[in-house]
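Sequences listed follow chains A and B, in order. Mapping of the first sequence onto the working numbering: position 527 corresponds to residue 527, and the numbering continues sequentially without gaps. Mapping of the second sequence onto the working numbering: position 159 corresponds to residue 159, and the numbering continues sequentially without gaps.
I should point out that these hints are in silico values taken from the structure, not numbers from a laboratory. A portion of the hints provided could be inaccurate.
Unchecked claim - Only pairs whose alpha carbons sit at most 20 angstroms apart, straight line, appear in this in silico SDA-like list of lysine to any residue:
#1 B:K56 - A:T621
#2 A:K531 - B:T99
#3 B:K56 - A:I628
#4 B:K56 - A:G563
#5 A:K531 - B:E66
#6 A:K531 - B:K56
#7 A:K531 - B:I71
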Amino acid sequence: MEANFEFAVLTLKTASNNLDCCGTNGLPLTPSSVAVVGNCKALVANCRHPNLVECFDCYRSKHEKVTLVFEHYTLDFDDNFDKLIFDTFSALHYLHSNVYCVHGCITPESIVFDGLNYKLTLWPLNCVTENGRLLDASSILPQDLRFLAPEQVFSVNEPPLQKSDIWSLGLALIFLIFKNVKIPENPVELALCKNVEEVISKLGLEKLPLKWELLVRGTLQPRVHKRLSAKNLLKSLGQKPEEFEKNALDALITYDKINSTDIPEARPLRIREAYHLWCLSSSGYREITGREKNYKPILNFPSLVVLENQNNNSIANNDKSANIVFIPQFSLLPIENLKSRLNSLNTKIFYPLLLTQGFETHSRTNLETSSLPLIIRESDFEYQCERIVLYKHILEGVPYLRQRLLEEAKKDITPFYRSEIWASILNIKWSDLIKYDKIDKMTPTSTDRQISVDIPRCHQYNDLLASPQGHKKLKRILKAWLNVNEPNYVYWQGLDSLAAPFVVLNFDSEAMAFACFDTFIKKYLRGFFNKDNSATIQEYLALFSHLIAFHDPLLFNHLRTLGFTPELYAIPWFLTMFTHVLPLHKIVHIWDTLLLGSESFPLYIGLAILMQLRDQLLGYTFNDCILIFSDLPEISIERCVKDAIKLFCATPKSATARGWV
Amino acid sequence: MSYAYLFKYIIIGDTGVGKSCLLLQFTDKRFQPVHDLTIGVEFGARMITIDGKQIKLQIWDTAGQEAFRSITRSYYRGAAGALLVYDITRRDTFNHLTTWLEDARQHSNSNMVIMLIGNKSDLESRREVKKEEGEAFAREHGLIFMETSAKTAANVEEAFINTAKEIYEKIQEGVFDINNEANGIKIGPQHSPTNTSLPLSGSGSSQGGGCC
Chain A
1 MEANFEFAVL TLKTASNNLD CCGTNGLPLT PSSVAVVGNC KALVANCRHP
51 NLVECFDCYR SKHEKVTLVF EHYTLDFDDN FDKLIFDTFS ALHYLHSNVY
101 CVHGCITPES IVFDGLNYKL TLWPLNCVTE NGRLLDASSI LPQDLRFLAP
151 EQVFSVNEPP LQKSDIWSLG LALIFLIFKN VKIPENPVEL ALCKNVEEVI
201 SKLGLEKLPL KWELLVRGTL QPRVHKRLSA KNLLKSLGQK PEEFEKNALD
251 ALITYDKINS TDIPEARPLR IREAYHLWCL SSSGYREITG REKNYKPILN
301 FPSLVVLENQ NNNSIANNDK SANIVFIPQF SLLPIENLKS RLNSLNTKIF
351 YPLLLTQGFE THSRTNLETS SLPLIIRESD FEYQCERIVL YKHILEGVPY
401 LRQRLLEEAK KDITPFYRSE IWASILNIKW SDLIKYDKID KMTPTSTDRQ
451 ISVDIPRCHQ YNDLLASPQG HKKLKRILKA WLNVNEPNYV YWQGLDSLAA
501 PFVVLNFDSE AMAFACFDTF IKKYLRGFFN KDNSATIQEY LALFSHLIAF
551 HDPLLFNHLR TLGFTPELYA IPWFLTMFTH VLPLHKIVHI WDTLLLGSES
601 FPLYIGLAIL MQLRDQLLGY TFNDCILIFS DLPEISIERC VKDAIKLFCA
651 TPKSATARGW V
Chain B
1 MSYAYLFKYI IIGDTGVGKS CLLLQFTDKR FQPVHDLTIG VEFGARMITI
51 DGKQIKLQIW DTAGQEAFRS ITRSYYRGAA GALLVYDITR RDTFNHLTTW
101 LEDARQHSNS NMVIMLIGNK SDLESRREVK KEEGEAFARE HGLIFMETSA
151 KTAANVEEAF INTAKEIYEK IQEGVFDINN EANGIKIGPQ HSPTNTSLPL
201 SGSGSSQGGG CC
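Hey, can you work out the whole structure from these sequences and the hints?
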């Protein structure tokens, strides 16, 4: 397979907060590194634009370090300058009007060429670090300061503006197009120009063809307000900028349009998928990439001349309050291994024939793999490659291929497409996503206090849920759910845990997380969140008791004699569909199957858990029993799921039918 | 481990006042600033010594949220002691004490010893409920009172142990019928002949039915 992509990694040292110190709510402060991870997954990870490099991973390592992983290319530019200008300004236009983020550190280095399109890179840095705040810096700047906009030079503590990007990109493009233009080493020289004429004469750009003159006059204006926006610049150059719609329906359609620009290439693998496979093929890589590169401080030293009589805010004026972080050099991950492994695969698996019976493309080795334990399957390079490609094609064909999707999901669900597969199983439609925008999630209600007490306790070992972005998302989703379902339903503790898997899986799409959450509750937890749910709970637990007696009279009698009733242990199981009692990595495996089952299926999972503890329970007294369930012992999820299916098949459906109350 | 008596405790009070943290501090001697919320009921156990006798405490830690009331009510049955907890930094948790107390009195046996606990005493700067107010409430309703901090462990041992002492005294005074398990007291294995595999003659009649 021909591929010219690279994976670049860039490691940032984030601000370390005093761990003993508490926030205003009395809880420990969130580490800045967690906040960066949350920002990255929430704001940046879902940006797909042909002219922006994708940032597909962000993880923490020791000493408060955060590593970003993004696509990179090392191809030489072709000399299609019109496309260069159009592509890069389209990227800025998208960033400014759709992602609402500012690049802030554009230099010629931040433009790459993938052989087809020009792309902006390093664009997420200001966004994920909140303009350097999370790095304990007042700003984050490129090593090469020549392209800084005047306002960045003079007020280094202020966050960069959209118009700063226009200046920097304009200057970077001039640099790339006119190789003989000399950009002053000291950005102050250009920053001190009073108007664009002075800039033009300083750079020796007089007598330019009209096209380039428009570019220079649109971008290199020392006065911020005279610079054009990316959109207007594209218009002035006779291009038609994309329109980004504020309303959700149009946004969805626009989103598809942008995505469709990728289709003519018909790449067998998307770059994100390739990265996922790279992770599988290079276990332990995080330790390698987490290592900090030591750069000699002298190389980081900005090439600046100190000028007198500047504002005390200026970098030119050794101001102590200005704590600047320079963007560290990124490095490239070794991908030779990935490329050779991909090339060694049977090409058939990249083009599965879904609609033609009898043309199954499973490779022989993968048939063998499919009988191995789930954990091994999930980390098997070849197997996952096949599953990812297969699911990608099936998901594109849903709802027509829904039946096929369900069949494949019975085997296993690839972690890479889990969020999309779950959403498809739950039958989420685009119309459900649009509804979310219209729900009031802001108006304060009497439940807010309870929600705000519960969220900081919800699966906080997970970086995404512990991040401020995660807290915000969870709060909005819960409030939206209450808004839609009140007064029939009220807020019950446990709803937070129940929403957690959907929030984590759909961290880049709150509307999707909400739609899944709402649909899931309607299907599996009917009546559980009524103001008075005692009838529902009693019925459910009665069915559960009934089921234990049916399958294991000995255990049932033992527990009944002890007085150890399901009321004492099973309420958190069912009320939260096991999300309160199990860690997320186990919950997803239970839910992979639970989602395929009927509303009674969770009862069988409960029974399967009891079965795994059966031998211990039979020898236990009441005291032992209550303690073992307060902290659920290690249980094998894969076995539990298999047992649950077996028990389900061996039970008359009427025995667990709900709905009598 | 053998014990002379087993007492069932129940911890009640508004959500977020630190019920589970108090329990964790008492059973594990550690503090978790971010504790999982409790759904339904969770349990803890610890052995203590009173008057030279080993006593096992079986502690039922209940969900605090209003919605769970109808579920938690069933847990009161057969409790010998209750810790009613409020948060000294949140006035509303103190204001709700009356409802909690009514609930407790209504669904438990009349002899249940109730200890009123003002938790989070380490957060003096954010205090909203004066110690005197807690004392007054306790006096008015015949409760024992203490301010604790699950974080610094101040008074945590005392809260659980003093409650047990009170129960123990009531047993000595004959207020509690120790043979009726509905009182939340169970006689330990070595004291209860019916629990041994070989029935001993002569002593079983009065204590029969006390177990299982």
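Outcome of the hint check:
1. B:K56 - A:T621: Holds, at roughly 14 angstroms.
2. A:K531 - B:T99: holds (18 angstroms)
3. B:K56 - A:I628: holds (17 angstroms)
4. B:K56 - A:G563: holds (19 angstroms)
5. A:K531 - B:E66: Distance of about 10 angstroms is within 20 angstroms: holds.
6. A:K531 - B:K56: With a Cα-Cα distance of about 37 angstroms, the restraint between A:K531 and B:K56 is violated, given a limit of 20 angstroms.
7. A:K531 - B:I71: holds (12 angstroms)
The structure fails hint 6 only (numbered hints given earlier).
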